[in-house]
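Respectively, the protein sequence lines represent chains D and X. Counting in the numbering used here, the first sequence runs without a single skipped number right up to 206 at its last residue. Counting in the numbering used here, the second sequence runs without a single skipped number right up to 114 at its last residue.
In case anyone wonders, no lab produced these hints; they're calculated from the structure.
Covered stretches of chain X, as calculated for chain D (at least 3 residues, CB under 8 angstroms): (1) 4-13; (2) 25-35; (3) 56-67; (4) 86-92.
Cβ atoms here follow ideal geometry from the backbone N, Cα and C, with glycine treated the same way.
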Amino acid sequence: MADQHAAANQPLPANPEKATLEGRNKYLGFWFFLGGETVLFGSLFGAYLGLRGSTEGAPGPDELFHLDLVFIMTMILLTSSLTSVFAVINLKRGHFKKLLVWMWATVALGAAFLSFEIYEFYEYYHQGLGFTVSAFASSFYTLVGTHGAHVAFGVAWITTLLIRYRKSGITLSNAPKFYTAVLYWHFIDVVWVFIFTVVYLLGVGG
Amino acid sequence: MSHVDPSAPLEGKPSKATERKLKNEARTQIVSFVFMIFITSTAFLTVASDVIPTHFAIPFILMLAGVQVVMQLYYFMHMNAKGNGWINVMLWSGMFVAALTVAALTVIIGETKF
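Build the full structure now, drawing on both the sequences and the hints.
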């Protein structure tokens, strides 16, 4: 009993996500995974850049893309990156309630981004851009769709964490889980920076 | 620390030094966020305006994207923190392979013409 009591009053370490060996391993392993993800997206970007001129008479980038919609989506995702940064700061300060609030804000912004993307794909489909109509269409949907799938996975992941740990407080076992989920979320934003630049801005202006 | 229960809630406040560090970190991150909003808007405006010639706009927006990505990696994802040597190795080797892949695929597919 004495032991349990001592354990229940653990002081907050400076970096709770890296305070245990398991946490440090998760952190390192997760960056290894992100290195691999970089290569995955690299190959999709390469395929898109090679094929983007092959529209085969179907609508091309300059007819389809609307920069205002993409700008709104970019701002939403960038803001969600900031809300997840605030979540990590509150994790390190030991403010569990605020951590949950900022994580829910991140989820909400992610869901908003996804609905814009679904609307966007729906529009393109109705303008004649099916997945198989041209090499541009296939490579565009694969690249942007894979990113969208990552957003959907991130939203599901963070929601699961939030439900699972809604009452637990910050612990040495859940701190690395929240932390890696936030790293994943930032990575999604990093990929989107390349997507809005290479796909949308170059599609309209280059 | 020998009987640490990982599922016990952590209590108390971080040390004064940590608190100070977090405050500085938050400030840096808010400043970087504002800067990222600014360079993103610049990139969109560069393409949206008719005045700026394409041969300038393309390298310019690619450079802005590079700056923004580095800021995300170092200020939001803390790649600049101490003890992150291997993390830098992993991500930048990923970037290196990705860059080679992009270059190779663009040239190969571009030459073949589908």
